[in-house]
Amino acid sequence: MENSLLFYVLSTLIVLFSFGMLVAANPVFSALFLALTMVGLAGLFFHLEAYFIAGVQLIVYAGAVMVLFVMVLMLFDLKKEIAPFSRGTLAGFVKLVCAGALFGLIIGAAKHSTEMMMITPEQAASQSGYAVEMKALATLLFTKYLLAFEVLGVLLLLIAVGVVAVSRAKGGTHVRS
Amino acid sequence: MFALEGLKYVGLNHYLVLSGILFTIGMLAVLLRRNLIVILMGVELMLNAVNLSFVAFSHFSANINGQLMVFFVMTVAAAEAGVGLALAVTLFKTFREVNIRLFEQLKG
Amino acid sequence: MGQDVFEITINAVKMVAIFLLMVQLVPVLVWVERRGSAFIQNRFGPNRVGPLGLTQLLADAVKFLFKEEYIPNGANRLLFYGAPVMALVPGALAFGSLPLSMPIKIEPFSISILGMSIATTKAYTFAFQSFDIGIGIVFVLGVSSLGAYALLMAGWSSNNKYSLYGALRASAQMISYELALGLSLVGVLLLYNTFTFSEMINLQQGPLTINVMGAVKEISFLPNWGIFFQPLGAIILFSAMFAETNRLPFDLPEAEAELVAGYHTAYGGLKMLMFYIGEYGHMLVASGLMVTFYFGGYNLPLIDSAQVVEHFVGHGLSANAAAVMGALALFVVFLAKVLVFLWIFIWVRWSLPRFRYDQLMDLGWKTMLPWALANTIVTAVVILVLRNKWVH
Amino acid sequence: MSPLVIILALGVFVAIFGIALVYVSSLLGPRQPQSQMKLTPYECGLEGERREDTKISVNFYLTAILFILFDIEIIFMYPWAVAFGDYLSAGNGVYIFAVMAVFLAIFIFGLIWEIKSKALEWE
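From first to last, the protein sequence lines stand for chains E, X, Y and U. Under the numbering used here, the residues of the first sequence are numbered 1022 to 1198, in order. Under the numbering used here, the residues of the second sequence are numbered 2 to 109, in order. Under the numbering used here, the residues of the third sequence are numbered 532 to 923, in order. Under the numbering used here, the residues of the fourth sequence are numbered 2 to 124, in order.
Treat the hints with care, as some may be off.
Stated by the list, open to error - Here are the computed lysine to aspartate or glutamate pairs in the DMTMM-like style, where the Cα-Cα straight-line distance is at most 20 Å: (1) Y:Lys920 / U:Asp87; (2) E:Lys1156 / U:Asp87; (3) U:Lys117 / Y:Asp889; (4) E:Lys1165 / U:Asp87; (5) Y:Lys653 / Y:Glu730; (6) E:Lys1156 / Y:Glu730; (7) U:Lys119 / Y:Glu564; (8) Y:Lys897 / U:Glu122; (9) Y:Lys653 / Y:Asp535; (10) U:Lys119 / Y:Asp889; (11) E:Lys1156 / E:Glu1171; (12) X:Lys94 / X:Glu105.
Think of the hints as simulated: they come from the structure by calculation, not from any bench.
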């Protein structure tokens, strides 16, 4: 009971916040709504017993990436957007239909695949605290996915170099000059 | 017959539907919005929707691999956001706006 | 069902009480800060209202309450009102996850009126914290990184360039020092191999124990506190905490000479007070973390928490009453340790001058981050050499 | 009771507490007709300047991006640090240390490069 109630509360909040991100005309509000969505998703991850992932979601997405988005929007300091949404009734209609069709496809695929997988509630109930999860995660990360782990380190280094190069490229050291 | 029994026990399907809704909203943001940064946020939301389904699958099949994938996706998404925003700032310095109307002015 | 209602009531009461404890400590801290600064600068400080000026704070609060509402032109009302509310949330959530004292284990006992037993309670463990979250450190880090939003919202919505500069400076500073903070925590994790606060505190009980290649050496006059294993990490963590809370010598966001009052330039009255509550809440969490990681948490040095309970049993109390008394005594110990660190926060604020902004960023990125890295590597090497099983 | 419920409840409680404080203070404060001059953004007595002209250094967002990248590298160390003890008692300490040593070497190289490239210089 408590389980399903929590899911419904959190998922309603998440959908509302993400919808707010879609419709808010001011991009700063969009970013703040998305930050709230990220916090809600962290809660959902916690609910799914992915404790460490929930914490990382809070630190990386809500605490770092979205702060970066908000900061950049404040650097631009756009008071009101000129045209927040794309024009054209026909194009808009087509886009909506496309999104609807995609949604239908995803739902259909989900229904189909879970019927095939036949996962029962009993199977899901066997979980055991954060410590076991953490150690399993670490073991996998440092043995099976060792190469991916080291390559990600290199990727982050390359991104750091690239970002510095891009931001130096043109237009001086200030956003407005 | 559909409604109550299905709603009472929250299973994998519910999470997948939520993930689908979030993915669609993210895609709509990419399609409909004209601000480059909001489009990037839409991409982030789509990645998060996928993360949610990974974690849900991982939970309901008692397999830790899904969580590890989420870890990797988060890393790559953060890197993507960093590069995307660096490009957006560079565009802003040149064109004084981040609305994708500016691409109409590009000539090759 | 009865058990459920009991559980919900207990948790709700605990949650509200611990939040109010945090809010109530703020006036006391403001008083300590004002009297302490006066003491350091050879002044009197507030001494007119009430004994030692203690009720000055009440007077201030009432005054704040009756201040005129002010919203600058062109401000974004929703965010302008939302920012002070947001400033309260991270501190409150982080403080709720800290264990303030040892958990009280209540054994079953029967309630009787006039010799007739009417009910027997079940065994219950009362945790002295709002919620016991397994991933303690990660949760606290994540929640306190949300603090940047309050600053950015306040700075952007005030429609004032000083506010915006203050907010950008503050958030850039916060995230820069978060790196050093996060990295110095790796040493703590290497030491304890757990994220959970209560397990860390339990590991710090007893005399200082050093494990050299399987041979255990005890130093009986020192407690087994983290500070003896991680002195550099503790210093880096504590300095980074200063920057996180935006206090002198890291209070560049509100450098009066340049930025008026930083991100809360346009705020007045109770809304400004809420930013202060957020700041002091952050200080409280920082001190609590220092105590938990490096100074044995709520435990007395060299004395196990079980021994405290035994002491109270020895004075003729029943097991349950002794558990409650022991927990309360250790709660006082925790508060005392936290207050020492809060005093250091205040002391440093009134003793050191402010950095320049480029010096500040240099210190964060080029000094503290490399030192934290060195601390991590040295800790890992030492632990590897001392604890690894070299022969199979 | 799941800690998540308490966290949510605490968040809602704090928000309501904060909103109540803001609301009460706006209710109790005196209401006077406010002059236009008083409502202008604070500017040290000068006529209000348009904020659109203020210069903001790119370094702020550059710092933020570099923060994200290093932050993720640090988060990768957390599972490593927690699992370190287990690997040591299993006798695999050298392996797990070497794994992180490679990663740390990349980290240190990145940090040195950033410092050398003067991306973190503020003038």
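To see whether the hints hold, each was checked on the structure:
no.	hint	verdict
1	Y:Lys920 / U:Asp87	holds (11 Å)
2	E:Lys1156 / U:Asp87	holds (8 Å)
3	U:Lys117 / Y:Asp889	holds (16 Å)
4	E:Lys1165 / U:Asp87	holds (17 Å)
5	Y:Lys653 / Y:Glu730	violated (25 Å)
6	E:Lys1156 / Y:Glu730	holds (16 Å)
7	U:Lys119 / Y:Glu564	violated (39 Å)
8	Y:Lys897 / U:Glu122	holds (10 Å)
9	Y:Lys653 / Y:Asp535	holds (13 Å)
10	U:Lys119 / Y:Asp889	holds (12 Å)
11	E:Lys1156 / E:Glu1171	holds (19 Å)
12	X:Lys94 / X:Glu105	holds (17 Å)
In summary, the structure is inconsistent with hints 5 and 7 from the numbered list given earlier, while agreeing with the others.
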